[in-house]
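Novice: In case you want the letters, here they are:
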Amino acid sequence: MAETTRMVDVYVMGKHYAVPEGLTILTALEYCGYRMVRGCGCRAGFCGACATVYNFKNDPQLRFDLACQKTVEQDMYLTQIPFFPAAKTIYDLEELQANGDQVLKLYPDIIKCFGCNTCTKTCPQELEVMWYMSDALRGDIKEVANKSFDCVICGLCAARCPQGLVPYNVALLCRRLYGRYLAKPSKHLEERIKEIEAGKFDAELKGLKKASEKELRERYNKREIEPAL
Amino acid sequence: MYPADMEASVKKVEATREKRLKETLPRLQEAERQPLLEKYHPDYIKASMRELKVGPNKGDRTPLEIADILEGNSRIDPGKVDLSKADYDVDVLVIGCGGSGASAALLARENGAKVLIATKLRLGDANTVGAQAGTQAADRPQDSPAHHYMDTMGGGHFTNIPELVEALVKDAPSAIQWLEKLGVNWDKEPDGTMHELSGGGASRRRLHSARDYTGLEEMRVLRDEVRNRGINYLEFSPAIELIMDDRGQIAGAVLLNLETNELSIVRARAVIIATGGMGRLHIQNFPTTNHYGATADGLVLAYRVGAKLIFMDTMQYHPTGVAHPQQILGQLVTEKVRTLGAQLVNAEGEQFIMPLEPRDMVASAIIRECKERGKGITTPTGEQGVWLDSPMIDVLRGEGTVARELPAMVRQFGRYNINISKEPMLIYPTLHYQNGGIKIDASGATTVPGLFAAGEASGGVHGRNRLIGNSTLDLFVFGRRAGTAAANYVKSAKPGKPTLDRVRRWQAELEQAGLAKSRPITPLLLPNYARQPYDYLADYTKEMLSAGQVKPA
Ligand SMILES: Cc1cc2nc3c(=O)[nH]c(=O)nc-3n(C[C@H](O)[C@H](O)[C@H](O)COP(=O)(O)OP(=O)(O)OC[C@H]3O[C@@H](n4cnc5c(N)ncnc54)[C@H](O)[C@@H]3O)c2cc1C
Ligand code: FES
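Protein sequence lines correspond, in order, to chains A and B. Using my numbering, count along the first sequence one by one with no gaps and you end on 229. Using my numbering, count along the second sequence one by one with no gaps and you end on 553.
Mixed in with the good hints, there may be bad ones.
Said to hold, decoys possible - With a straight-line Cα cutoff of 25 Å, these simulated BS3-like cross-link-like pairs (lysine-lysine) come out:
no., chain 1, residue 1, chain 2, residue 2
1, A, 194, B, 188
2, A, 209, B, 114
3, A, 200, B, 170
4, A, 142, B, 494
5, B, 170, A, 206
6, B, 181, A, 187
7, A, 209, B, 308
8, A, 194, B, 181
9, B, 188, A, 147
10, A, 105, B, 494
11, B, 371, B, 53
12, B, 170, A, 210
13, B, 170, A, 88
14, A, 184, B, 39
15, A, 214, B, 85
16, B, 181, A, 147
17, B, 53, A, 187
18, A, 222, B, 170
19, B, 308, B, 494
20, B, 170, A, 214
21, B, 85, A, 88
22, B, 188, A, 184
23, B, 85, A, 142
24, B, 494, B, 85
25, A, 184, B, 494
It is worth saying that the hints were derived from the structure and are not from the lab. Owing to the predicted nature of the structure, the values given are computational and were not obtained by experimental measurement.
Using the sequences plus the hints, can you model the full thing?
Specialist: Next up, the structure:
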């Protein structure tokens with residue numbers, strides 16, 4: 001295979017390397033000899049540790065992505081952005097209310113958003129960051145929760161915001177408010193917990209714990225299976 | 001779009017889809033199960049394991065890669081590490097901050113302990129964020145903890161420790177509610193009813209999910225709560241050795257700053273190991289779904305101070321790892337795809353296993369299909385795989401289901417121009433989970449006084465094979481239990497004098513067994529994927545490591 005592999009020219013912080021076609025930015029950096037400490041987590045597009053900035057030799061426009069997901073292309077200029085601490089308000093969720101003012105109270109700076117849309121253009125998950133920030137301003141917690149759901153907290157929106165806002169923390173607050181106060185609590189869950197506390201299943205579990213392996217196997221093989229749909 | 005020669009097989013999958021929609025393969029018979037495993041499951045390849053020659057599990061078999069690190073040399077020279085002054089002095093040290101570490105820290109704190117978290121990467125960079133499918137809990141009226149118990153035991157081939165399974169199934173609903181109250185956005189109906197799916201080996205629908213970002217959602221919330229509670233944490237600071245006292249109790253840990261190489265000493269009355277799994281050891285050269293830091297460090301730390309491990313000869317290979325495209329090889333295709341109705345199909349478009357058998361069975365059947373029956377599909381880079389027919393989901397459950405239920409999967413494959421609502425996914429088993437680990441009791445206590453463990457690093461609750469959704473459950477159940485138990489333990493602990501004698505004795509044992517020279521320096525901390533033959537700068541600093549670290553020869 002080796003002789004048929006096509007090589008791609010990339011520039012890591014300005015220095016030229018040739019790497020095999022088909023690598024991601026992350027594996028290309030490793031191929032170049034970098035051993036990652038920061039900037040690498042799940043390696044699968046879920047954790048946001050690998051926020052990356054790149055442009056092309058003849059195209060200065062900056063682009064943003066997750067290094068573990070983006071495939072390298074000819075003449076890419078690469079750098080990684082280390083994740084840095086960002087403004088986060090400390091709060092006790094139990095003392096909050098899920099109303100319009102709450103978000104503004106905890107993150108008053110969000111009124112500074114002037115709608116430049118850089119955050120949305122930056123988001124590697126292609127979320128509508130600016131729209132959810134304006135939902136946050138209007139106090140529409142549910143919409144923020146919904147629009148921001150797939151956020152991996154890579155930090156790129158905050159890194160790029162000219163007003164120094166931290167959309168991902170605003171979104172996190174809204175999702176927690178939604179989960180805690182706006183989504184209806186699960187009644188059957190509550191009931192089951194009460195039943196367990198009252199000892200309803202104790203005898204049955206005790207019996208199962210004592211049962212011989214043979215007995216368990218028999219019951220297991222005969223157990224009734226609920227359809228998946 | 002797939003390359004042309006794979007496309008031919010895709011056509012066969014499409015051609016048989018309608019017929020297959022009506023076809024349900026039977027479950028495996030009891031008599032078929034063991035032979036399938038013995039013949040095809042990677043755990044049964046004899047040459048892949050060996051007996052441990054030193055330590056509490058001497059004589060037990062474990063994969064070569066794990067044996068090497070368990071028998072590893074310490075990273076420190078005890079003679080040069082000064083324990084007399086501590087950089088941190090706390091009640092409870094939590095090592096690792098995935099779901100189990102965060103839960104343990106929160107509960108230890110809630111129970112009055114002064115807590116420090118030391119973690120290897122960023123706070124929350126862990127296997128937990130990768131969990132997609134969901135978390136089990138028997139909370140629907142047609143379900144019960146007893147059904148959950150049965151399923152868990154059966155999945156684990158009846159080897160699970162009954163007390164642990166009992167704790168798991170009884171605590172499950174309250175763990176889910178704890179997260180609900182912390183603001184986790186569970187998938188629900190408008191009236192609050194949980195939207196629950198079935199999973200491999202489960203007899204009822206009991207998977208709680210948050211789209212296909214379940215672990216991410218759980219972790220985002222817990223990490224935020226750790227910050228809200230003001231719990232002190234150190235990032236990029238893995239533990240590299242545990243400290244004992246002269247009474248044989250845990251007394252703290254030695255941490256390494258991954259960037260500056262500096263060591264620091266934590267004195268703690270209790271330590272909770274929550275370091276997760278081992279995927280990055282690439283057992284038998286399998287690719288893995290695990291995060292960058294999954295190098296089984298916690299096992300090494302605990303083993304060296306005498307903690308017993310359990311079920312270390314059984315690894316979980318997730319049946320559906322990505323086989324194509326190459327860029328995401330080995331990454332997880334969540335079981336939720338099968339849960340939603342997708343079948344497993346060979347190159348000819350035929351089903352060959354009921355898709356919701358427990359994981360070890362499905363993985364074995366896929367390996368059989370490729371390696372013995374020659375009905376796998378070969379990719380341009382020479383990987384083999386079978387199809388997971390995701391387009392069936394929209395046919396069964398209505399247009400748009402794939403997009404709604406599997407946004408992460410759609411996004412991931414979409415980057416490589418594969419539309420999983422319309423095209424099947426090529427998959428092959430991938431190294432996923434450590435079924436066993438540090439032996440714990442129902443409070444999370446290990447066999448070493450003051451040492452607790454929770455989550456994937458611990459073992460016993462899943463027996464020899466874990467079911468879907470039982471791991472993210474285990475994190476919260478045993479993380480919370482370990483946090484509480486550690487905080488209570490501390491209240492009556494009588495600390496002795498910290499020493500590193502245990503490390504000295506360990507090294508002596510290695511010398512005696514003739515292993516010291518041939519074994520690596522561990523814990524491993526990070527895999528090395530860099531093409532980098534020689535570290536000139538590290539060589540230059542050799543003299544400067546007098547702070548106590550050992551340098552590889
Ligand atoms: C891709 C994927 C999908 C999954 N899907 C599901 C699912 O749908 N349902 C389910 O139930 N389970 C699932 N699992 C399994 C489950 O997510 C994990 O088993 C579980 O999250 C492990 O949690 P943990 O807290 O024990 O470890 P982790 O979440 O891995 O956390 C361990 C932490 O310890 C740190 N660490 C490691 N070594 C050291 C050290 N030496 N010092 C300090 N810190 C250290 C790590 O950096 C990490 O932060 C999945 C796993 C993966 C990888
Ligand atoms: S490493 Fe986790 S998103 Fe890239």
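Novice: Compare the structure with each hint and give your call.
Specialist: Each hint tested on the structure:
| no. | hint | result |
| --- | --- | --- |
| 1 | A/194 with B/188 | 20 Å, holds |
| 2 | A/209 with B/114 | 37 Å, violated |
| 3 | A/200 with B/170 | 11 Å, holds |
| 4 | A/142 with B/494 | 51 Å, violated |
| 5 | B/170 with A/206 | 12 Å, holds |
| 6 | B/181 with A/187 | 13 Å, holds |
| 7 | A/209 with B/308 | 23 Å, holds |
| 8 | A/194 with B/181 | 16 Å, holds |
| 9 | B/188 with A/147 | 17 Å, holds |
| 10 | A/105 with B/494 | 46 Å, violated |
| 11 | B/371 with B/53 | 33 Å, violated |
| 12 | B/170 with A/210 | 17 Å, holds |
| 13 | B/170 with A/88 | 36 Å, violated |
| 14 | A/184 with B/39 | 49 Å, violated |
| 15 | A/214 with B/85 | 56 Å, violated |
| 16 | B/181 with A/147 | 21 Å, holds |
| 17 | B/53 with A/187 | 53 Å, violated |
| 18 | A/222 with B/170 | 23 Å, holds |
| 19 | B/308 with B/494 | 23 Å, holds |
| 20 | B/170 with A/214 | 24 Å, holds |
| 21 | B/85 with A/88 | 33 Å, violated |
| 22 | B/188 with A/184 | 8 Å, holds |
| 23 | B/85 with A/142 | 51 Å, violated |
| 24 | B/494 with B/85 | 19 Å, holds |
| 25 | A/184 with B/494 | 47 Å, violated |
Checked against the numbered hints above, the structure violates hints 2, 4, 10, 11, 13, 14, 15, 17, 21, 23, 25; every other hint is satisfied.
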